[in-house]
Amino acid sequence: MAAVRRLSPSFSAASLRRILLLRPFSSSSADAADQRVLTVETSLPFISHKIDPPSRSVDTNPNELLSFFRDMSVMRRMEIAADSLYKAKLIRGFCHLYDGQEAVAVGMEAAITKRDGIITAYRDHNIYLGRGGSLFEAFAELMGRRAGCSRGKGGSMHFYKKDAGFYGGHGIVGAQVPLGCGVAFAQKYSKDGNVTFAMYGDGAANQGQLFEALNISALWDLPVILVCENNHYGMGTAEWRAAKSPAYYKRGDYVPGLKVDGMDVFAVKQACKFAKDYALKNGPLILEMDTYRYHGHSMSDPGSTYRTRDEISGVRQERDPIERIRKLILSHELATAAELKDTEKQVRKEVDEAIAQAKESPMPDPSELFTNVYVKGFGVEAFGADRKEVKAFLP
Amino acid sequence: MAAALQTAGTLTASSNLVINSERFRFGSLLRSPAGMKGTILVVKSDGRHTVGFNAGLRGANLIPNAVAAKTEDSAKSTYSKPGHEILLFEALREGLEEEMDRDPRVCVIGEDVGHYGGSYKVTKGLANKYGDLRVLDTPIAENSFTGMGIGAAMTGLRPVVEGMNMGFLLLAFNQISNNCGMLHYTSGGQFTIPIVIRGPGGVGRQLGAEHSQRLESYFQSIPGLQMVACSTPYNSKGLMKAAIRSENPVVLFEHVLLYNLKERIPDEDYICCLEEAEMVRVGEHVTILTYSRMRYHVMQAAKTLVNKGYDPEVVDIRSLKPFDLYTIGNSVKKTHRVLIVEECMRTGGIGASLRAAIIDNFWDYLDAPIMCLSSQDVPTPYAGSLEEQTVVQPAQIVAAVEQLCR
Chain A
24 MAAVRRLSPS
34 FSAASLRRIL
44 LLRPFSSSSA
54 DAADQRVLTV
64 ETSLPFISHK
74 IDPPSRSVDT
84 NPNELLSFFR
94 DMSVMRRMEI
104 AADSLYKAKL
114 IRGFCHLYDG
124 QEAVAVGMEA
134 AITKRDGIIT
144 AYRDHNIYLG
154 RGGSLFEAFA
164 ELMGRRAGCS
174 RGKGGSMHFY
184 KKDAGFYGGH
194 GIVGAQVPLG
204 CGVAFAQKYS
214 KDGNVTFAMY
224 GDGAANQGQL
234 FEALNISALW
244 DLPVILVCEN
254 NHYGMGTAEW
264 RAAKSPAYYK
274 RGDYVPGLKV
284 DGMDVFAVKQ
294 ACKFAKDYAL
304 KNGPLILEMD
314 TYRYHGHSMS
324 DPGSTYRTRD
334 EISGVRQERD
344 PIERIRKLIL
354 SHELATAAEL
364 KDTEKQVRKE
374 VDEAIAQAKE
384 SPMPDPSELF
394 TNVYVKGFGV
404 EAFGADRKEV
414 KAFLP
Chain B
-4 MAAALQTAGT
6 LTASSNLVIN
16 SERFRFGSLL
26 RSPAGMKGTI
36 LVVKSDGRHT
46 VGFNAGLRGA
56 NLIPNAVAAK
66 TEDSAKSTYS
76 KPGHEILLFE
86 ALREGLEEEM
96 DRDPRVCVIG
106 EDVGHYGGSY
116 KVTKGLANKY
126 GDLRVLDTPI
136 AENSFTGMGI
146 GAAMTGLRPV
156 VEGMNMGFLL
166 LAFNQISNNC
176 GMLHYTSGGQ
186 FTIPIVIRGP
196 GGVGRQLGAE
206 HSQRLESYFQ
216 SIPGLQMVAC
226 STPYNSKGLM
236 KAAIRSENPV
246 VLFEHVLLYN
256 LKERIPDEDY
266 ICCLEEAEMV
276 RVGEHVTILT
286 YSRMRYHVMQ
296 AAKTLVNKGY
306 DPEVVDIRSL
316 KPFDLYTIGN
326 SVKKTHRVLI
336 VEECMRTGGI
346 GASLRAAIID
356 NFWDYLDAPI
366 MCLSSQDVPT
376 PYAGSLEEQT
386 VVQPAQIVAA
396 VEQLCR
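Heads up: the protein sequence lines correspond to chains A and B, in order.
The number in our numbering is simply the position in the first sequence, starting from 1, with 23 added.
Take the second sequence: its position 327, counting from 1, is numbered 322 in our numbering, and each next residue is one higher.
Quick caveat, the hints were computed from the structure, so don't treat them as lab data.
Backbone N, C-alpha and C define an ideal beta-carbon position, used for all residues, glycine too.
A portion of the hints provided could be inaccurate.
Claimed, not checked - Partial chain B-side listing against chain A, Cβ under 8 Å, derived:
hint	residue
1	N138
2	N173
3	T187
Extracted from the complex, chain A is given alone in its bound form (with noise of 0.2 Å):
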């Protein structure tokens, strides 16, 4: 269920404007006027492994940048939302925020198709967002309510949509690596020409599991993208600590790699289209996203005891993903200031409509506890353990 509104055209007097109309986590437009093409070159050029990296000049229309700021400002809001939900003890348990990281979904979901898979770690809400969740399926699953898009049982590390190629929300720290891919492999089999993105963290890429997959990846030439998101932290230990190299983008050895700015939602639309090219023809390729997280690891970790406050309101002013986006747009005049504040207005209207609603749904029903525990079986006699349950031959 869409929380997402459609926002009223704004007309304006000014022949110059455009009529816009912003449509939610889209990156096509269906009004002709706003076709026209804009060049962006990214902020950093791409730092390359074994491989010619692509070029730093992203087309765009004004239909993307202003689908870029709006979905961005969803992500951003979903997540300090979250935030006073769980100081309000709304939500419980592990809550991990991504604000700071929204132009690595933002960008991804811009360059490829809802039929190639994502796969990450528990830092999950955003991507869940990006690959078409709506805001009161992540609200309610976070609540721990039945119209939770986990049914209530999965909480904040396990978001899943399959209908969406959204593979989860995983919180043992790598081992999703694996899992992706093997969906590549079964992408490969298919021969569907898809590609899935493994994302992990700069902490899961000392986890010996993701060599060995990326080893067997690029033996069996599997279209699977490794997206390391380094955001310099792995929980309270910085990468310089963890790692001996910390070029993550170099790691694979024999498999090449791209190091890209991470807070560039453009520079990140570019490094996945090139890679999903690059996957489809010559299996896997290791992409390092240099980005950073505002808020502390999960909930219970304040942020700045292992790193300065001055350090994280610098990123905050340089290189936050949404103020960019805000310049971007202003400069090429496509909204006023006014306009766009009144985008992040409607944007945390739409936040808090869908938290109240999600409070008001209700609580899994106590069956629940043992449904989804096995499927039942396929055309043999299935039946419980003491065969009290009926069963049938299924056709």
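Position chain B relative to chain A; hints supplied.
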């Protein structure tokens, strides 16, 4: 017991009783292999009802006697074709091959399964027939290729992951426990993991401690996983096929020493129910519950016991998770004494869980405490004499029965 074949028997005596292919066709996706009539049978393995079946069902493609016990002569049953003799590892391969023919989504992942043919020859010849994309040789990386199998299963493929030895799967324990067992639950039912994880385990011939592990106990508390143990060529093929067709993740425990057992199995397509136990020998005095290799030690002991005048009932439990408490319960209600013989470790093993389950459910029917004979809680030693002492031997079984039935 609402056995489909039995209810069929009580309905009418018409030819509609014949378990015809229409009733058991599994949807348009799955085409029966060319040349076969397409009859897929679910066979009840309860030997007690053979008489009823034989009477009502003439000319059916039915195998009423699914018991693969050595004491019963399988030629007595009404096979329509003579069947063929086969070794256990060949039966596993036959089952795997038939399933790979039937469903293009089935693939095999493991070390040396392809070009080498499998370390126990279970996958011999499959790589030549199906190619490198369906029979995949992996590097020695259990954690990741088990994870990849699970990831592939999330999209709908049906991989069969082979651990060269079950002990090696300890390296993949995180993937098996957290991802394989739990993904169906934590995703609220969105993803199913129809994976089969199989491999040989158990104590072999002086293979050393790390290659003689009995790990059924380690996996048994993982929710969402089904565990079965095969013991004869008949149930190996049946369980392999049922495991591949099941939507749940299934761990199939084979035993290193049982691969060369020979038996005559039917030519028709058949599967064995995953959650069901097998009645090996009907008796009156004591119920002996066992599985895998210990079944043969028990049958050996049974010969001695019969000579001494006891009448043991032997049940091969086959399904280690969930337990088939129905068959076990009926047996306990009849004999009132239970002996569990297993090769698993004593602490926290299958026997321990089974004992608890029987006590919870059938306490009133027991006349004596449940005895459990398991292998010793030691790493398997190399020396032959010590290794023999690690596992349960027939003499100990005889002594235990004598003590129980005093």
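Here is how each hint holds up against the structure:
1. N138: Holds, because the Cβ-Cβ distance from B/N138 to chain A comes to roughly 5 Å (cut-off 8 Å).
2. N173: holds, 5 Å
3. T187: Interface hint status for B/T187: holds (5 Å vs cutoff 8 Å).
Violation of the numbered hints given earlier is absent; every hint is satisfied by the structure.
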